[in-house]
Every structure is written in structure tokens, then in C-alpha cells.
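So the sequence lines, in the order shown, correspond to chains A and B.
The first sequence maps to residues 156 to 558 in this note's numbering.
The second sequence maps to residues 1463 to 1693 in this note's numbering.
Treat the hints as calculated values from the structure; they're not laboratory data.
Bear in mind the structure is a predicted one, so any value in this text is a computation, not a measurement.
Think of the CB as a built atom: it goes at the ideal place given N, C-alpha and C, for glycine as much as any other residue.
Certain hints may be false.
Some chain B residues near chain A, calculated using beta-carbon distances under 8 Å [said to hold, decoys possible]:
{"hint": "1", "residue": "D1521"}
{"hint": "2", "residue": "L1538"}
{"hint": "3", "residue": "G1541"}
{"hint": "4", "residue": "A1544"}
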Amino acid sequence: MSANLAFQLSFRNILRHRRRNAMLFAAVAVAVLGSSLSMGLVRGWQYDMMDGVVGNLTGHIKVHAPGYLDDPSIQRGFQLASDYQPDVPSEDLMGWAPRISVPAVILSERETRGIQLVGINPSAESISFLDKVVIDGENLNGPGDGRMIIGKELARQLKTRVGLRLVIMTQGSDGLTRERGFRIAGTYDAEGTGLEKAYVFSGLETIQSLLDTENVTEVSIRLNEEPKKLSIQALLVDFFIGLEVMNWEELNPQAAGLYLFTDSIIYIFFFFIMGALIFGLVNTLIASVMERTKEFGVLRALGMNRRTIVLEVVIESVLIMTFGMIFGLVLAYFSFLGLEGGINLGVYAQGMESFGMRAVLYPIMRVDDFVTIALMSLFMGVLASYWPAKRATRITPLEAMRG
Amino acid sequence: MSGEVVMARGLTRVYQEEAVPVHALRGVDFSLSSSEFVSLSGPSGSGKSTLLNIVGGLDRQDEGIIELDGEELAPLSEGDLAALRLRKIGFVFQAYNLVPVLSALENVEFIMQLQGVGSAERKERAGEALKSLGLSELQDRRPGEMSGGQQQRVAIARAIVTNPVLLLADEPSANLDSETTKELMELLRNLNETQGMTIITATHDPMVMGYAKRQVHLRDGTVERDEVVTD
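Bound conformation, chain A alone:
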């Protein structure tokens, strides 16, 4: 009953000072909008970074032989059954790709570079960055394609172009040096990834033939939902006995650390913005309490207990935060719709690349981020009301009515 009365009084008091509270709603809405957008931008960067790590041939989960990470040679390969299919629920699996990935040297007429030679099945590479790159020339047409595709930047460094032949030298399964000429089918532009300087791709069977092996060095698996990686990893560990099954965080702990750190940044932004707002809210609530000193005194004189008065102040604060928060989230939602095409940071593209970011940033807002903002806003509403509520309860009826 007291709660109903407190709610009624709080709501009516908010309407009593429409202009002042409208300003406060707007302030809360802008703070929530600002928090949401900054959260979304940082989240977008975070996902972009993760996407870059996962898409750069790592995948969400990768299988390789023990010791391969320290010594990535064909001697650390493993056999994969020709009819192998990952035992992963289909709704969770985006795709998988078997590969051979070995260090090699590429030689043009004028230059020599160290590279990573990767044998692929092009149709399976929808899970990697190769699916999105722009290829000048032709892509590989299958695992038996004897040509290669190289990065545009590497082509520039080697002073070569599409159609020309380059020699690649690497170590075969017998430990002896193998070399072969590959014609360049196409050059790829992996904008902002740095991969085009290092990776050269050819058909999987071509490389197996070059290295005189039927093995692969890795199986990369990409999932539809990143949070499922641990449970899927557990399934694959049971299947790939004797092999290492690692997720992207284990494969790239630096990126994983940055990914986690980004979560902290997101919430630091949020607390700074909302913390600044709280000062405004506290100030307004204190003013509201001071204006109603006599009123609170009368209420106490008539028999209202301190708890109900505290509840009234707290509800008033929470209502202000709630209305402002809802309005702010609605604005944020439409802002995100408007930013669906991304924010073009082209001017800063070169600098962004060094951070693993692409030139176009897509803000992302997860449902749990919206929920977090909503709940934290309500919590801050309660927090902001603490001091004003304490002030209200210190008012004695007699002092208040005398004043």
C-alpha cells in the first residue's frame, strides 16, 4: 500500500515540474544514447578484430598435430580421411577447411621473400578472408589448381603481376628442398589485414603433390556463434585423438587479451558517461527534496513513515532514469539502424590497419548490451537517490513546518 502511494506521489511530482524533468529526461536519454553508441562502436571494433583473427585462416577452432605451432613443417602433418566431416551440429557449423600451411620462399626475377605457402580447397574457404577479398585476375578453381594467388602488396614487392610465373621453394615430407614454378592466377586485396604480404595460396592437392604427402597440417573450423566454441571444441577433442584442438583465443592470446580488454573499455566509457549524469540527477533530486521540505514534514506529521518517504524519492529517481533510458535506447536503436552501412574511417585507414581494423567500422549492439545499459541505468537511478533520500528523512515534522 505504501509502495503504491509512494509511486503515485513520485509520478505526480515528476509531472508537477515538467520543464525541469523534461530537461533531465533529455539528459538521461542523451547519456544513454552516447553510452550505447560508444559501446556499439567499440563493440564493432572488437568484433571486427575478432573477425579478423578468426577469418585470417585461424577459424574459431583449429586442429593440428602436436608441435606444429613451434615447427610448422609438413613433418607435423596428419592424415585426414577423404570422407571426413566434422561431428558438429549443423546449426552451429558455418564451415570447415583442410589446409597445408608451410613456410616457403618465393622468388621473382628481382626479389625474394619469405612467405607462408597454403594449399587450399577454394570452395571450403568461405570461412576465411578469402571469401571476401577482391581478386584481380582469377581465383583458384579447385584443390587441383596448379596456379597460385598472391597478395597485391606482395606482388608489388616482388615487382610482378598476374600471368607471370614465380618459383616457390619449400621443404618436402622427406626433409629435402622442393621447388616449383607457379603462374599467378590472380592477386588479392585483403584490405587492412596485413595478410597479403605473407600468404600465397595454391590448390591443396597441388601442394600435397609438391611435398609428396597426402597429409594436411590443419583443419580450420568456423562456427555460427562464437560463444559455442568451448563446447564444440570439447566435441572435437574427443574425435581428434592425439591431435591438438585449440580455439582462437588459445591460438592468439594477444588478440584474446585485447578482446577481453575491450569489454573493460566498453564499461569504462559507460561508467564515465553515466557517472557524469548521476551528478546532474543528484543535484536535481536534492533541489526537489529541498523544495518539498515542508511537504515531507507534513507527510511525517500525518503519519507517513521514513521508509515511505525514502521510497518516494527513490521511485522518483528511478522513474526519471527509466523514462530517459527508454527514450535513449529507442534513439540508439534508430541510430544503429542508420549506421548499418558502417562509419567510413577512410582518412585514418592506414593507421587503423596497424590495429587490425578495417577502414569501415560497423557499430554493433548486442541484446545483452542493451539489457546491461537498462539495468545499470536503473541501478544508477537508485544510487543517485541515496543522498537526497537521506536528506528527506532527516527532516523532522516540526522543523519542516516551521521553516
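On the provided structure of chain A, position chain B as indicated by the hints.
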């Protein structure tokens, strides 16, 4: 238990105004029986409002004993006093002190809401209280839309709707013109005579004093005269 609505013995109250102590009450004895209508009168500083506030549990004496409806007030906590006021006392203030964001009906319901009375019963009793005071047509109006006299009558409705043991009115007519004051005091007299409401008013207005059957006159914190008025 004394059997009286109010029993006060040796009440003393001293306020500290900067460095100067102000003796608002000096050993005052006062008692009130059920259905009495008493006015406390005296010049400013005589102690009438202080006595009223102590009887109403809004202030605490420095010395002496005060009992309301057989319950001693001194040992009660602030919360207990608030609960006691809610259950047993109806207040009518000089400045009306209606809740500005509630309508007349809601202002009268308000006390019952604090007491936990159900919604349907609250509305019915509040409506009847306003009707008995001729205020039915004002029930949806807010205090800002009513005259002083109307607001004070709503305040009286609020004070009596819960059938309190005691009705305290501190300078109830101070902000009203003489015509409205007359109407108001007739109302209080009617409540006393027809419903047996026990009433204390504190006033310095001779017209208001005249409506009470017993007049207690204070000066300098002591009772100068305590007399029953015969018509």
C-alpha cells in the same frame, strides 16, 4: 491508564535560540476528556502551539509526562510516534498543508492509504467525508484550484475520515477571512456536538476561542486560566 484522552503533568519545554534559552512551557498541567472542545489561547510565545505539538507527538517535552489515550509518549521512537499520529490524531494546520499533487478526494484517501485501507473502502469513506462537509463537487480538484476555505474543509475531512481519538487544529483560521472562519468553526462545533469529536484548537483569535466550550489561556509558558464557558 487515566481514562482521559490527554493527560499532561509538569510539562516543561525549553528551546535554545542561539545562546538564549526560551522557556516555551514551564511545568504545565493539562488534561482533556473525550468529546471536549478546548481552545488554547494566548499571545505569541505563550506556549499554546508548543503544548499542541507535544500533545500531537510532534515535539518532545524536556520534563514532565504526556499521555495520549492512555499511552505515554516519551518512550516512543520517532517511528512509533508517526504510527500513533496516523492511528489516533487528526491534524488541521494553519496552512492547510494538503498534498498539492493529489485531488481533494485523494488527499482525504491519503491517510487511509497510509493505514492500509483497501481501495474501494477508501474511496467510499473519503467520498462520504467530503459529502458531509459539502465538498462533493470539489473531489476531483487539486488544492491549487480551491479557495482557502475549501482547502481547510478538505483538510478537516482528511483529519476526521479515520475517526481519530483527537483532532488538533493549530491556528486553523489564520489564513481565512471572518466569514469563512465562522463557517469553519461552525463545522468544528458540529463535529464535536453531533459526533462527539474531541478537539483542541490553538488560536489567538477571540472569535475562534468563542466556539470552544472550554478555554485554556496561556501566558509565558504557564496556564493562566482554564475555564468552562457557559452560553
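| query | With 8 Å as the cut and Cβ atoms as the points, is D1521/B at the interface with chain A? | reply | Cβ of D1521/B sits 5 Å from chain A, so the hint holds.
| request: So, L1538/B near chain A? Judge it on the closest CB pair being under 8 Å. | output: This interface hint is violated because 13 Å lies over the 8 Å limit.
| Any CB of chain A closer than 8 Å to the CB of A1544/B? | holds (5 Å)
| query | Does the nearest C-beta of chain A fall within a distance shorter than 8 Å of the C-beta of G1541/B? | reply | At 6 Å from the nearest chain A Cβ, G1541/B passes the 8 Å test, so the hint holds.
This entry does not satisfy hint 2, going by the numbered hints stated previously; all others are met.
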